[in-house]
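K.L.:
Take the given structure of chain A and dock chains B and C to it, following the hints.
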Amino acid sequence: MEIKQIVEALLFAANQPMTVKQLRQVFPELAQPDNDEIQRAIDAIIEDYRLRPVELKLVANGYRFQVKEAMSPWVSRLFSEKPPKYSRALLETMAIIAYKQPVTRGDIEDIRGVSVSSTIMRTLLDREWVRVVGHKEVPGRPALYSTTKQLLDYFNLSSLSELPTLQEIEDLQPLASSDSTSTQETSEKQEISSPAIEAIEQQEITGTLQ
Amino acid sequence: MEIKQIVEALLFAANQPMTVKQLRQVFPELAQPDNDEIQRAIDAIIEDYRLRPVELKLVANGYRFQVKEAMSPWVSRLFSEKPPKYSRALLETMAIIAYKQPVTRGDIEDIRGVSVSSTIMRTLLDREWVRVVGHKEVPGRPALYSTTKQLLDYFNLSSLSELPTLQEIEDLQPLASSDSTSTQETSEKQEISSPAIEAIEQQEITGTLQ
Amino acid sequence: MNLDSAEHQLQVLPLAIVEGAPLSDLPEDLYIPPDALKVFLETFEGPLDLLLYLIRRQNLDILNIPIAEITKQYINYIEVMSDMQLELAAEYLVMAAMLAEIKSRLLLPRQSEMEDEEDDPRATLIRKLQEYENIKQAAEEIDLLPREERDIFATFVDVSNVKVEKILPDVQLKEMLLAFQGVLKRAEQLSHHQITREPLSVRERMSTILENLNGKNHLIFSQLFNNTEGKYGVVVSFLAILELTKEGLIEIIQSEPFAPLRITAATNAGSSTSA
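Note that the protein sequences, when read in sequence, are chains A, B and C.
If you're matching positions, the first sequence starts at 17 in the working numbering and goes up one per residue.
If you're matching positions, the second sequence starts at 17 in the working numbering and goes up one per residue.
If you're matching positions, the third sequence starts at 14 in the working numbering and goes up one per residue.
For reference, chain A alone in the conformation it holds in the complex:
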């Protein structure tokens, strides 16, 4: 049996994304193809489905077959229930956690200028889009939140760096009305490749099946 055939069957049968490593481990120990062979099979499958209405896509937790986005007007007609809508408050909270992680609830409230409702935090935790990665060593030991691979999967992304780039904060020009010219704090780089985030990305998130 050809490796490509097996990999394709596995990817269709698994109802969650599969990494190259996971695919390899399905093979018996003595007959395991190496990662390159699996990867070549995957690439060939991707090519095979280029013109079909389904595609093999890399998301954060691995490769998965999915119906192409262009088909969604048709496919959504299959399901009577409307997809959930998310409030601006939830999306903003999620964005802050994604870009500034790890953050406390206080940090989020600071940026948004309003308190964060418990419902929003619960929804994010409940959907396993966000999780507690630790506690900040300040009074009250508030929880530190980070985003998960599940969130990226949900948004069809394979890594945090595929998120829309956050605009850099412009340097504040000397205030027109003040004569102070003290050097500005250089604006923090908003790139999402801080060591902390990379660590988070590398961390295996033991996916729970819903």
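Calculated directly from the structure, the hints in this document are not laboratory data.
All C-beta atoms, glycine included, are put in the ideal place defined by N, C-alpha and C.
Don't take each hint at face value.
Lysine to aspartate or glutamate pairs mimicking EDC-like chemistry, simulated, CA-CA at most 16 Å apart [what the hints assert, rightly or not]:
1. K73(B) - E63(B)
2. K259(C) - E153(B)
3. K141(C) - E184(A)
Derived list of chain C stretches under chain A, where covered just means 3 residues or more per stretch with a C-beta under 8 Å from a C-beta of chain A [stated by the list, open to error]:
4. 60–66
5. 140–146
6. 151–157
7. 168–174
P.N.:
Showing chains B and C alone in chain A's frame:
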């Protein structure tokens, strides 16, 4: 968009077999292809997948994509690993359906305070722990969910009334394994009246239920 | 999106009577008519959002906002809100105080040349506005990303012909009950969610009746009772029928006096039971 492409997408997205008629009905009323066109599309798709590890097959209730028989040794290896755990959200949803049935998804969301993902509902339906017993006659005609005999069998109960009362649930102690702090609480004997609670106690002593 | 709708409303909605009385001293530079103020709290995600709206609305540079003018506008909003006795989140008032402070500081000659940028409340405010605006934009873009349930759909390929039985996650009853305990605790906090204490046997019977009704036109009332269950069973069935009627899930129909009672699935719309 070509009819064949749409039909293929629908057959991949549907989680149950689809008849020609059902496929046709997904198209808007004024643009519905006739049965012959749908059938031709299906035949063409069957041909396209002839050499692939999945196939489009006619079963009693319609057409569905399935993994080819020859692939089953590989696919079975995929499923023989240890299964992941269900999320807390799933357990909560299941409990609400058990205690509040018949309920709509909206009712569940009301009680939980967060939205319920489609994946959770599908997992519960697939596992035949939950089923649709009717539709509520309000706009959208949402499905009414109830638990099944299979669920009762799984928990070794002969009827829902053997489940603990709300009061008993409030008094329920956390799982022994996750709680090592409170020693005094454990010494306090609980009033136990429901057979289910007894069953749980038994279970905790002897190991697992299954 | 919200800004657009707010602007849209302002063009469409006429000045209106507020709580029975016409609102006479509406500040002229207020950009939202009084009707829209009612949705104010839902339209804006907080004081920063409102400030951004005021700034963007006038194509002002965020780095060079006329504090005095913006403060005036902002405070006008807040005043109208409190005139209308709308419950205002404390954050809006804190911002008003901060703006007022900045305004007064700008009027005063600088006390010390050593004053840090850090301490300049205006710089802090501008920074916060920028940071919030960036997040707000990013959130809007994220909302447009293709996502599961809406744009991306999973594929389902049947594996039932696979010989080995799929191992499914195991659940202990206690796990489920503990999860439910959590739900009950939360529901207690949100006191408006009452979890009623219907006997479970009644709820179970409700499901059974609905299921039996599924696909059928009607059931005969008397058929819903099973004499072998004894008095208790009859009471359970009866309570289930009453509860189903109360929840509007079934209707009890008697076509003529002394005719057998019939139970049908409730029909508000056309009764199309075929899926």
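K.L.:
Run every hint past the structure and note whether it holds.
P.N.:
Hint check:
no. : hint              : result
1   : K73(B) - E63(B)   : 11 Å, holds
2   : K259(C) - E153(B) : 13 Å, holds
3   : K141(C) - E184(A) : 13 Å, holds
4   : 60–66             : holds (count 3)
5   : 140–146           : holds (count 5)
6   : 151–157           : holds (count 6)
7   : 168–174           : holds (count 4)
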